[in-house]
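Student: Below, each chain spelled out in residue letters.
2 protein chains.
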Amino acid sequence: MNIAAKAAIVGWGHTKFGKLDALSLEDLIQAAAREALDDAGVDAAQVDAVWLGQFNSGLVPDGFASSMILGADPALRFKPAIRCENACASGSAAIQSALDAIAAGRVKVALVVGAEKMTGLDTAGVTRALAGASYQKEEAGMSFPQIFAEYAKAYASEYGDPTEALAHISVKNHANALANPLAQMHRPITLDYALNVSDKNPLIADPLKLSDCSLISDGAAAIVLVAADMAKDFRRAVGFRAFEQVSDLLPLSAKKLTAFEGPARAFAKAYEVAGITVDDLSLAEVHDCFTIAELLTVEAIGLAGPGGGRRAVIEGQTLRGGRLPINLSGGLKAKGHPVGATGVSMHVMIARQLMGEAGDMQVDDAKLGLAFNMGGGAVASAVSILEPLR
Amino acid sequence: MNIAAKAAIVGWGHTKFGKLDALSLEDLIQAAAREALDDAGVDAAQVDAVWLGQFNSGLVPDGFASSMILGADPALRFKPAIRCENACASGSAAIQSALDAIAAGRVKVALVVGAEKMTGLDTAGVTRALAGASYQKEEAGMSFPQIFAEYAKAYASEYGDPTEALAHISVKNHANALANPLAQMHRPITLDYALNVSDKNPLIADPLKLSDCSLISDGAAAIVLVAADMAKDFRRAVGFRAFEQVSDLLPLSAKKLTAFEGPARAFAKAYEVAGITVDDLSLAEVHDCFTIAELLTVEAIGLAGPGGGRRAVIEGQTLRGGRLPINLSGGLKAKGHPVGATGVSMHVMIARQLMGEAGDMQVDDAKLGLAFNMGGGAVASAVSILEPLR
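Residue numbers (this note's numbering), protein chains in the order written: chain A, 1 to 390; chain B, 391 to 780.
If you are wondering where the hints come from, they were derived from the structure by calculation, not from laboratory data. A couple of the hints might just be wrong.
Derived PhoX-like pairs: lysine-lysine, alpha-carbon spacing no greater than 20 angstroms straight-line [as the list claims (entries may be wrong)]: (1) B:K659 - A:K108; (2) A:K367 - A:K6; (3) B:K659 - A:K6.
Values in this document were obtained by computation on a predicted structure and should not be read as measured data.
The following block holds chain A by itself, in its conformation from the complex:
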C-alpha cells in the first residue's frame, strides 16, 4: 500500500551547503523553514505540525531542537513538533513521519526541516561525533571512513579492485556540483587525481582516499507537504509514487559487506509499490557518503548485478545523459553532507527536477525521480519515488 500517495510536496527551501560560520543550527533551521513556507505560499498559521531531521550526537550543544522550527514564525507557536534521528537518514525519517501523519488524517499541512551544523567542531570532533552512529560495542574507535573502507575491501576481495569506478564516481559528482549553486564545492577534479594517492589526495582509510569521502557541511533543507487532495490549490505539486524504509542491524559483524542488503530491499519494495523498474526512473539522488556507497548503490538500485556496478559506472550509465543520471546535484561528495539535512535536500533536488526548476542541473523530460537516503553502514535505508502531480 502506498500511503505516501496521500501527500504532496508543494514547496521547498534550501540553504547553501558549506562552512557557514555566521549561521547557527537555529539560523539554518529557520532560514530553510521560512523559505519553504514562502515558496509554497503557505501561511505559517496553516501548518498543522512540524518535524525536524537532525543527527547531532555532539556536533552542537543544542540537545532539543525540534521546537527551534517554531521560532521561524510567531504563528508556529504551539504546533506539535518532533525530531527524528536515524543518523544520516534523519531527514528521511522526518519526512516519513510527516507522511504517516498526513495519511492518518491528523495533519493536512506539514513542515519538514532537515538540518545540521557540523563545522563548529574541528575535523577530529566531527569524525568522533559521526562515529557515534556505528555500533559502539564492537566498533568503538572506528571512524566512518574506516567502516566504509571495510566495504571497499570486502568488495575488492569478492569482485576485484573497485578503485577505477570509485574515481569515476568522484569525478562525476564534482563535475555535477558545478551546475548547483547551492553546492559546497565547485571544484572539478581529474580522473588522474582521483585514481592516485598523492599529497593532495591522501589515504583517509585504506583504500579510501580524500576524493572518496563526502564533505563536512552546515546546511538545512525544508519541504512543505500537504494532503494530496489539497495539491490542486498550489501552483505546483510533487507526489510520492512510493516511500519505503528498511532498517538493518547496527553491527557490521552482522552484515554482508559485499552488497547493500538493506538498501536492496528498500529499492525492491519501492519499485513494487510504484509498479516500476529502474529503467522508468529519470534520475536519482543517492547517498554517496563515500564513493564505495554509490558503487554498492548502483548494484542495489538495479543498474547492475553483484560486482557489475564498476562496469556500469565506468561505461557512464550514471552520468548526465546516461541510463540513470545519479547525483546531478553533486551528491554528498560535492554538494555537501550536513547529515540531518541530506534526506530532505535530496527530496528538494528531485522535486525541482520534476518541476523543471533545477536550473543548470535540469534533465530533459524528468518524469520519475528517486531519492535514496542511508543511515550508518547500510543500516537505515529510505527510498522515495517522486512524480510530478501538476
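Based on the hints, put chain B in the right spot on chain A.
Tutor: Below, chain B without anything else, positioned relative to chain A:
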C-alpha cells in the same frame, strides 16, 4: 479528530528503573522489547515497524540507536525503525509517531520502546547532558534544576511561597513508589525532611532542594500497539480516547513562567477530543521532573485555577483516594526518570491500572487514565487519555 482511537495497546514491558550497572542501553532496549512482545503474545515477525524514544545528547556514545531494537529478535531484521527525540518527551514522541503510522494504515503492529542509559556518566556529566535540552543561546550554563527554579521563583512572586505544596508532592511520590517494585527509590520521606534545607536535603537550585528533584536513572519501557480492529484478538487491550501534543518555543525568555501554557493547551485539546473533564479521570501519571512541575501541572490539568494548585495539593486532592490520584507509580521523583523511557513508562503504568494489573499500586475501578509527558521547560507537551477496551 481522534486518530489515536485507531490503535490499541495490547502488551508492555518495563525494566526496573535505577542504577543498573550491568545493563547497557542496548540491553535495556532489548529487554523491554522482548518483554512487551512476550506480554502481548505477538511474534516478532508480525511487527511491521519499530520506534525508539531516547534523548541521549551525550549520555551514551551510541549515536544511532533505533536499530538496536531490531537486535531483540532475529525476525525484526529489516523492519523500518525510527528514533524520536523531544528531550524528556521522547517516549511520547515515539508513541505518537507509531499512532500516526497505524492510523495511516501503513502499520498494523508497532513496537515502541523508550529507553535511556544515564548512570554511565557522573552526576556532573548527566547534568551537562540534560542541560542540552535548554536554549543554548540564552541559557548555556544553566542546569535544569536552575531552569525549574526560575518557574518556582516566578510562581512564588506571583502567588506566594509554594514550598509547602512542593514538600507534599515529594512526600506523596516517595510514598507511592513503595507500592511499585519497578521504582528506583523505595524510601519514604517525612514532610519535615522535605520542607527544610538540611545536610541531607541541600538546596540544588534555590528554592529547589534535593527532595524537589527527580532521579538519574537507567531503564526502558515498551508497548506493543496494534490497529484497533485487531484488538479483539488479544487477551486485553487499552485504547486511546485522545493523544495530543503541543510544542512551545524553546527560550525561557519567550514564555510565561507562572503557568504551564503549552501543557494547559495540550490538556484542553485532549479533553475536548475525549469529550471529558478532569473529573472523569481515575488517575494520572504526570511529568514531575521537579516538584514545581507537578504543582504547575495540577493547575494546567484543571484541578485548580492559577495559584490554586498549592491548596489542591495540600488538601490531598492528588493522593490515592483523592479527587485525582497523581503519580501512583512514584513518578519521576521516586520511580525514576530514564529520560527517553519516561513517556512510555507512563503509558505502561496507566495501562496496567486500567487492566487491573497494577499490583499494590492498583486503584479501584480505573476507567480513564491520563499520561502527561513533557520535554524541557514546558516545551513539548504530550497528553494521552487511555481507556480499557476489553
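Student: Take the hints in turn and mark each one as holding or not.
Tutor: Right, here's what the structure says about each hint:
no.: 1; hint: B:K659 - A:K108; in the structure: holds, 18 angstroms
no.: 2; hint: A:K367 - A:K6; in the structure: holds, 19 angstroms
no.: 3; hint: B:K659 - A:K6; in the structure: violated, 25 angstroms
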